[in-house]
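**Q** The listed protein sequences correspond, in order, to chains A and B. To convert, note that position 168 of the first sequence is 168 in my numbering; the numbers rise steadily by one, no gaps. Numbering-wise, my numbering comes out as the position in the second sequence, counting from 1, plus 195.
It should be emphasised that the hints constitute simulated quantities derived from the structure, not laboratory data. Cβ atoms here follow ideal geometry from the backbone N, Cα and C, with glycine treated the same way. Treat the hints loosely; a few may be bogus.
Chain A regions said to be covered by chain B (calculated; three or more residues, Cβ under 8 Å) [claimed, not checked]:
#1 51 to 64
#2 94 to 108
#3 147 to 161
#4 181 to 192
Here are the simulated PhoX-like cross-link-like pairs (lysine-lysine), alpha carbons at most 25 Å apart as the crow flies [claimed, not checked]:
#5 B:K352 x B:K272
#6 B:K272 x B:K284
#7 A:K51 x A:K109
#8 A:K122 x A:K92
#9 A:K109 x A:K137
#10 B:K545 x B:K578
#11 B:K272 x A:K122
#12 B:K648 x B:K578
#13 A:K92 x B:K272
#14 A:K100 x B:K389
#15 A:K137 x A:K177
#16 B:K603 x A:K100
#17 B:K552 x B:K578
#18 B:K315 x B:K272
#19 A:K109 x B:K377
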Amino acid sequence: MGAFLAQLPSRQFLRALLLSGMALLGSISAGQNATQLDGTAFNPLSGTSGKVVVLVFLRTDCPVSNRYAPTLQRISAEFQQQAQFYLVFPNKSESAQTIKNYVHSFSYKLAALRDAEHSLVKQAHAQITPEAAVFDKQGKLAYHGRIDNLYEDFTRARTAPTTHELEDAIQAVLKDKPFAPAETTAVGCYISDIE
Amino acid sequence: MTRRQGRRVVLALAVVAAGAVGHFAARALAASAQPGGGSATVTFNRDIAPIVYRYCSRCHRPVEAGPFPLLTYSDVKSHARQITVITRKKIMPPWLPEPQEWAFADELRLSDSEIALFQKWVNQGATEGQPSDLPPAPRFVEGWQLGRPDLVLTAEKPYILPASGTDMYWNFIFRLPIAETKWAKAVEIRPGDKRYVHHANVLIDRAHSSRRREAVPGAGFAGMEIRMESEFFEPDSHFLFWKPGTASTWEPEGMALRLDRGTDLILNTHLQPSGKPETIQPSLGIYFADKPATLHPMLLQIENDARLDIPPGEENFLVTDEFTLPIDVSLLGMYPHTHYLGKDVLALAKLPDGTTKTLIHIPHWDVNWQAVYRYGQPVPLPKGTVISMHYTYDNSDKNLANPNHPPKRVLGGNRSSDEMAHLWLQVLPSANSGTEDPRMVLQEALARHNVDKNPGDFEAHYNLAAMLEARGRVEEAIPQYELALRLRPEDPVANNAMGEALHATGRADEAVQFFQRALKARPEYFDAHYNLGIVLAQKEDFADAAEQLRAAVDLNPQDANAHANLGGALAELGQKAEARAQFERALQIDPQHALARENLELLLRSGMERQ
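Given only the sequences and the hints, what does the whole structure look like? Please build it.
**A** Structural data, given as structure tokens:
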């Protein structure tokens with residue numbers, strides 16, 4: 001039947017996809033990539049979701065990270081349809097169980113990843129926890145830096161932020177517009193301290 | 196039968212009360228490092244650990260305020276770069292005052308060479324070094340720092356701090372379960388989860404003036420500042436203050452704190468949201484002294500809230516006040532206080548010999564790190580010393596802590612969005628030759644200073660009047676009460692006090708009107724019902740007197756005087772059975788109550804005669 005023949009190209013496409021998947025698995029086995037909390041490798045930047053991707057780098061013992069929990073939940077809920085959020089924990093000494101407990105205690109409803117080898121840290125050019133990175137639908141880094149300007153320095157917080165870089169960057173990327181500044185300095189704990 | 200002393204109410208805005216910036220085990224470990232000394236590599240074990248143990252570990256350890264531990268090489272390495280930045284900026288360790296001649300106890304200030312050593316260590320690779328170089332780890336006492344308290348009070352209901360939002364100021368009321376007066380040589384504050392409590396202080400509420408603010412008894416109430424009423428001359432005497440890293444200490448020898456039956460302790464806490472809801476349930480540990488205090492320090496408040504009217508955008512708004520000491524004192528400690536707009540906090544002492552000394556200088560005020568500062572040695576300040584405060588405020592957008600964007604006009608007041616200009620000093624009056632309490636001399640001088648400063652201020656006149664009355668100068672007090680009432684004609688406390696002063700000078704008819712006015716403003720006012728009942732009884736209007744005293748008894752069923760006097764009025768009315776019940780109730784509350792005993796005996800005798 002004609003219909004049967006018409007399916008052939010798509011079958012080839014399927015095989016190609018499978019192959020690239022195997023290639024990905026190959027790199028995971030080298031232990032370089034981020035993992036889900038059950039230990040399976042996961043690349044949030046594989047470009048398959050068709051959504052804007054937001055990575056938020058956190059550290060469980062960083063009080064600045066912690067204070068952002070309600071803000072991050074509000075922003076991720078606001079962009080639920082258009083953006084995929086991941087909490088990324090780059091500290092090698094934080095176990096999957098520690099992260100699980102943390103995510104639960106702050107009532108996060110977002111996927112959490114361990115990035116012990118800093119593969120995502122490098123792709124996002126992240127330096128601080130908490131720091132956000134916004135990738136467009138093509139997987140290109142559009143913004144990284146502070147979530148907003150609540151903190152001016154360690155222990156020096158405003159009563160409320162007056163700029164909202166993460167939200168504004170997501171809005172811009174959704175409209176296919178560049179966001180400036182593409183890079184800001186976040187306040188918090190240094191990721192380089194845990195390398 | 197009216198043997199009761201009048202109740203005087205001194206209004207005072209009490210912000211802090213004792214605490215303890217104390218000695219510290221790790222303090223003995225002097226930093227051994229020689230920064231820049233030769234080419235030797237800086238190591239954690241030899242150079243960094245002694246500094247960390249001395250300045251950081253007290254808070255950065257489990258259960259304490261620091262968000263992560265700093266006890267081991269891996270703890271410190273894991274925050275190494277952060278430590279170099281935060282110490283270079285002098286954000287940590289948190290210590291706001293500049294160095295000064297009259298040094299504070301337990302100064303938590305890194306030297307420039309210690310700061311440089313952190314930089315050098317990180318630049319050289321943050322190595323661990325030889326195990327033999329590592330000094331012994333600091334030892335910390337777990338649980339109650341001063342040992343097992345004689346009395347532990349835990350907040351009846353916890354406060355649930357919301358996950359987000361601005362800072363919260365929550366007050367817990369602890370009802371003291373003691374049957375008689377006791378003396379405390381220490382009050383240890385366990386503020387709840389220390390990671391979220393920025394500071395806490397205990398206030399003594401001898402008149403239950405805070406209970407009215409609880410929506411549900413035991414639940415506590417919100418508010419940055421607390422207004423206290425006190426029934427008699429009882430100036431605040433001790434700072435009872437907790438901040439992260441504070442070690443509890445004993446009050447100095449002879450300076451125990453008096454606690455009476457029925458006293459409430461109010462714990463005022465400053466809380467910061469963490470990102471998730473937190474349960475805060477503080478406790479207090481009280482350690483009793485075996486004898487009463489022999490030395491009586493006093494908290495002097497120098498302030499100028501009335502001058503606080505800060506225009507929006509103003510970056511340097513100056514407020515000053517100065518007070519001349521009427522007697523010799525020793526200055527023990529101090530507590531400067533502003534809210535979020537405070538910028539530069541300076542206090543000076545100009546001595547009679549003309550020299551000027553710095554009492555404190557905080558060039559970058561931060562409300563989050565406000566603290567009680569105790570001097571390493573008591574500072575002698577002779578009579579005639581002029582103590583001055585010079586505070587500047589920044590109400591512009593440049594001030595990060597400014598709660599208003601865009602900035603708004605800000606006035607003095609109790610809310611955290613208002614401002615304050617306070618300097619509290621703990622002084623010990625020098626032993627004087629006379630019999631009078633030297634604290635009264637200080638308090639009267641301060642009250643006169645406040646009246647001169649703010650002639651339109653109700654509280655200034657009221658407090659001066661109450662002070663004069665406390666010193667037995669009722670005739671001088673009456674015109675000050677009049678000035679206070681001209682400013683607030685309806686004020687129940689001032690009307691009641693005026694009634695008492697008039698009564699004390701034999702003007703009972705006039706007194707009645709003031710008690711009635713007090714009751715019009717506050718119908719459930721025990722003191723005014725009681726006082727009116729007494730005056731009416733003296734005028735032999737026993738029916739009305741009994742009515743007032745019954746209202747008093749209903750409001751405070753534990754007051755033996757009210758029962759005894761009600762019994763007296765009822766006896767005069769011939770209601771003997773009821774009178775007897777009231778006398779017996781008074782004796783049940785206070786078996787030593789002489790009036791109740793005498794009147795009961797009289798009643799029983801007269802009853803027998805008639806039978």
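**Q** Hint by hint, say whether it matches the structure.
**A** Hints, one by one, checked against the model:
For the region 51 to 64 of chain A, the proposed coverage by chain B is satisfied: 3 residues have a C-beta within less than 8 Å of a C-beta in that chain, meeting the threshold of three. Closer than 8 Å: that is the beta-carbon criterion, and the region 94 to 108 of chain A has 3 residues meeting it against chain B, so the requirement of 3 holds. By the rule of at least three residues with a Cβ nearer than 8 Å to a Cβ of chain B, the coverage given for the region 147 to 161 of chain A holds, with 9 such residues. Given a C-beta distance limit of less than 8 Å, the hint that chain B covers the region 181 to 192 of chain A holds, as 3 residues qualify and 3 suffice.
For a cut-off of 25 Å, the pair hint linking B:K352 to B:K272 is broken: about 40 Å separates their Cα positions. For the given pair, B:K272 sits about 19 Å from B:K284 by alpha-carbon distance, which is consistent with the 25 Å threshold. For a cut-off of 25 Å, the pair hint linking A:K51 to A:K109 stands: about 18 Å separates their Cα positions. With a C-alpha separation of about 15 Å, the suggested pairing of A:K122 with A:K92 holds against the 25 Å cut-off.
Taken as a hint, the A:K109 and A:K137 pair is honoured in the structure, with Cα atoms around 22 Å apart against an allowance of 25 Å. A hinted pair counts as satisfied when its Cα atoms are at most 25 Å apart, and B:K545 with B:K578 qualifies at roughly 11 Å. As the CA atoms of B:K272 and A:K122 are separated by approximately 21 Å, the hinted pair is consistent with the 25 Å bound. For the suggested pair B:K648 and B:K578, the alpha carbons sit about 21 Å apart, so the restraint of at most 25 Å is met.
Distance restraint check for A:K92 and B:K272: the Cα-Cα separation of roughly 13 Å lies within the 25 Å cut-off, and the hinted pair is therefore satisfied. For a cut-off of 25 Å, the pair hint linking A:K100 to B:K389 stands: about 24 Å separates their Cα positions. A hinted pair counts as satisfied when its Cα atoms are at most 25 Å apart, and A:K137 with A:K177 qualifies at roughly 12 Å. This hinted pair does not check out: B:K603 and A:K100 have alpha carbons roughly 44 Å apart, beyond 25 Å.
A distance of roughly 15 Å separates the Cα atoms of B:K552 and B:K578; the hinted pair therefore holds under the 25 Å criterion. As the CA atoms of B:K315 and B:K272 are separated by approximately 13 Å, the hinted pair is consistent with the 25 Å bound. Using a Cα cut-off of 25 Å, the hinted pair A:K109 and B:K377 is violated, with the two alpha carbons roughly 53 Å apart.
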